[in-house]
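Can you make the complete structure from the sequences, with help from the hints?
If you're matching them up, the sequences are chains E and S in order.
If you use my numbering, the first sequence corresponds to residues 414 to 604, in order.
If you use my numbering, the second sequence corresponds to residues 597 to 788, in order.
These are computed hints drawn from the structure, not numbers from a lab.
Do not take every clue at face value.
Some chain E residues flagged as far from chain S (calculated, every beta-carbon gap over 10 Å) [stated by the list, open to error]: (1) Val422; (2) Ile496; (3) Asp499; (4) Gln504; (5) Ser541; (6) Ala542; (7) Leu544; (8) Leu552; (9) Ser553; (10) Gly564; (11) Tyr570; (12) Gly573; (13) Ile595; (14) Val599; (15) Leu604.
Where chain S lies over chain E, by a calculated footprint (3+ residues, C-beta under 8 Å) [to be verified]: (16) 442–456; (17) 587–593.
No residue lacks a Cβ here, since even glycine has one placed at the ideal position from N, Cα and C.
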Amino acid sequence: MSDPSPTRVDTWSIEHIVRTMAPLLLVLSVLELGSGLVLESLQSTYLGNPTLLVLVPVMIGMGGNLGAIIAARLSTQLHLGTISFDPREPQLRAGILAIMALAGTVFTVLAVVAFGLGHLLGAPMALSALLTISLVSGLSLAAIAIVLGIGATWISYRRGYDPDDVTVPVVTNVCDILGVVILSTVSIAVL
Amino acid sequence: MDARGSAWAIYRESLPVLLVSLAGGIFAGFVLGTPAMVEGFESYPGLLLALPAFLATRGNVYGALGARIASGLHQGIVEPRLRRQRRLVNAVVAAVVNGLSMSVFIGVASWTILTVQPGRSPAPLPELVAVLVLAALSTAVVLIVGLLTLVFAGYRRGVDPDNLIGPIVTTLGDVFGVVFLFVSITIVGVVV
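Quick look at the structure:
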């Protein structure tokens with residue numbers, strides 16, 4: 414299949430994609446190593462509560478998932494030229510509403526399932542403690558993810574970056590890092 | 597459409613995939629907590645430190661690949677089919693190049709961080725890097741095939757790929773990232 418419309422800068426060349434992403438990936442990896450340090454320093458807390466350990470990958474990934482929903486929508490709207498950053502604008506408000514509702518649902522289910530698994534693991538935790546840890550951490554993460562998703566797209570838009578290469582990685586990573594930090598802070602406060 | 601109505605639409609479209617992602621995350625949590633995996637972390641100091649960065653790199657590289665493919669689909673310049681197309685091939689090759697080079701970097705960085713900390717000694721550098729690169733390569737194959745298949749299938753059925761990518765990447769990345777990390781620890785342990 415031949416390329417019908419070669420543009421001045423070929424944004425689909427291997428070199429362009431690698432060069433656009435590599436510096437950002439490096440910076441984000443360094444930040445993630447900070448998250449790794451938190452995880453390693455609290456190793457005994459997590460290993461002492463295996464039920465808490467079950468929450469870790471979800472806490473790392475879900476904030477990024479939620480932020481990516483809004484970031485990817487905004488990114489596509491930017492490409493299509495229909496973007497708006499006004500939170501009163503129905504399209505954006507709908508995204509925010511949906512994400513908070515999704516977070517409430519997902520982190521409630523997580524707490525209940527982890528409660529059941531805690532019994533299977535022989536290290537049960539109180540349902541109230543798990544619900545508090547999961548929902549407080551999860552809803553805080555969702556709020557941060559929304560702010561980051563909108564902010565990062567706005568900056569890409571102003572600076573002329575391709576949001577596909579910028580927004581989703583920034584949102585996902587900051588949420589990954591904060592996921593471990595927020596979960597650790599809330600757990601220590603509750604337990 | 598009013599905000600409440602379209603919020604409900606986004607909620608209904610996103611929830612099933614997020615629940616799959618949730619199941620994947622819980623599965624990954626279990627694998628991390630198994631005695632064999634804990635033993636692996638103990639025999640390769642530096643690996644737990646590398647874990648968030650390793651898992652996040654899957655999300656970064658393949659999340660961006662997915663977002664790029666989604667925009668290409670929306671703009672009509674990528675066909676929703678698994679066949680040779682210049683843009684698709686380039687995007688995939690670039691993702692693999694980025695994924696592997698970041699794994700090398702994360703291995704070296706984790707090794708360095710533990711080396712400079714007093715009283716800590718990391719696993720030998722070649723072994724640490726070998727575990728991460730092997731795991732990254734195996735995960736890449738599953739993630740690329742899985743991501744493209746699911747996004748194209750979803751798109752052809754009228755599901756907006758924007759709502760699919762994040763959860764697909766996180767779920768496959770969590771499950772296969774942790775499983776292949778375990779497999780790589782075992783393989784490197786046998787070879788060394």
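Here is what the structure says about each hint:
Listed as outside the interface, valine 422 of chain E is consistent with that label: its C-beta sits roughly 14 Å from the nearest C-beta of chain S, beyond the 10 Å cut-off. Residue-level check passed: isoleucine 496 of chain E sits 13 Å from the nearest beta carbon of chain S, beyond 10 Å. The Cβ of aspartate 499 of chain E sits about 12 Å from the closest Cβ of chain S, beyond the 10 Å cut-off, so the non-interface label holds. Distance check for glutamine 504 of chain E against chain S: the nearest CB is about 7 Å away, which does not clear 10 Å, and the non-interface claim fails.
Every Cβ of chain S is farther than 10 Å from the Cβ of serine 541 of chain E; the closest lies at roughly 20 Å, confirming the non-interface assignment. At roughly 17 Å, the least C-beta separation between alanine 542 of chain E and chain S is larger than 10 Å, which holds for a residue marked as non-interface. No Cβ of chain S approaches the Cβ of leucine 544 of chain E within 10 Å, the least distance being about 15 Å, so the stated non-interface status holds. With a closest Cβ-Cβ approach of about 15 Å to chain S, leucine 552 of chain E is found to remain outside the 10 Å limit, as its non-interface label requires.
With a cut of 10 Å on Cβ distances, serine 553 of chain E stays outside the contact zone with chain S, its closest approach being about 17 Å. The non-interface label for glycine 564 of chain E is consistent with chain S: the shortest C-beta to C-beta separation is roughly 17 Å, beyond 10 Å. Tyrosine 570 of chain E, annotated as away from the interface, keeps every beta carbon of chain S farther than 10 Å; the closest lies near 14 Å. No Cβ of chain S comes within 10 Å of the Cβ of glycine 573 of chain E; the nearest lies about 16 Å off, and the non-interface call holds.
The Cβ of isoleucine 595 of chain E sits about 13 Å from the closest Cβ of chain S, beyond the 10 Å cut-off, so the non-interface label holds. Listed as a non-interface residue, valine 599 of chain E keeps its Cβ farther than 10 Å from every Cβ of chain S; the least gap is roughly 17 Å. For leucine 604 of chain E, the condition that its CB be more than 10 Å from all CB atoms of chain S holds, with the nearest at approximately 17 Å. Residues of the segment 442–456 of chain E with a Cβ under 8 Å from some Cβ of chain S number 10, which satisfies the need for three, so the listed coverage holds.
Counting residues of the segment 587–593 of chain E whose beta-carbon sits less than 8 Å from any beta-carbon of chain S gives 3, enough to reach three: the coverage restraint holds.
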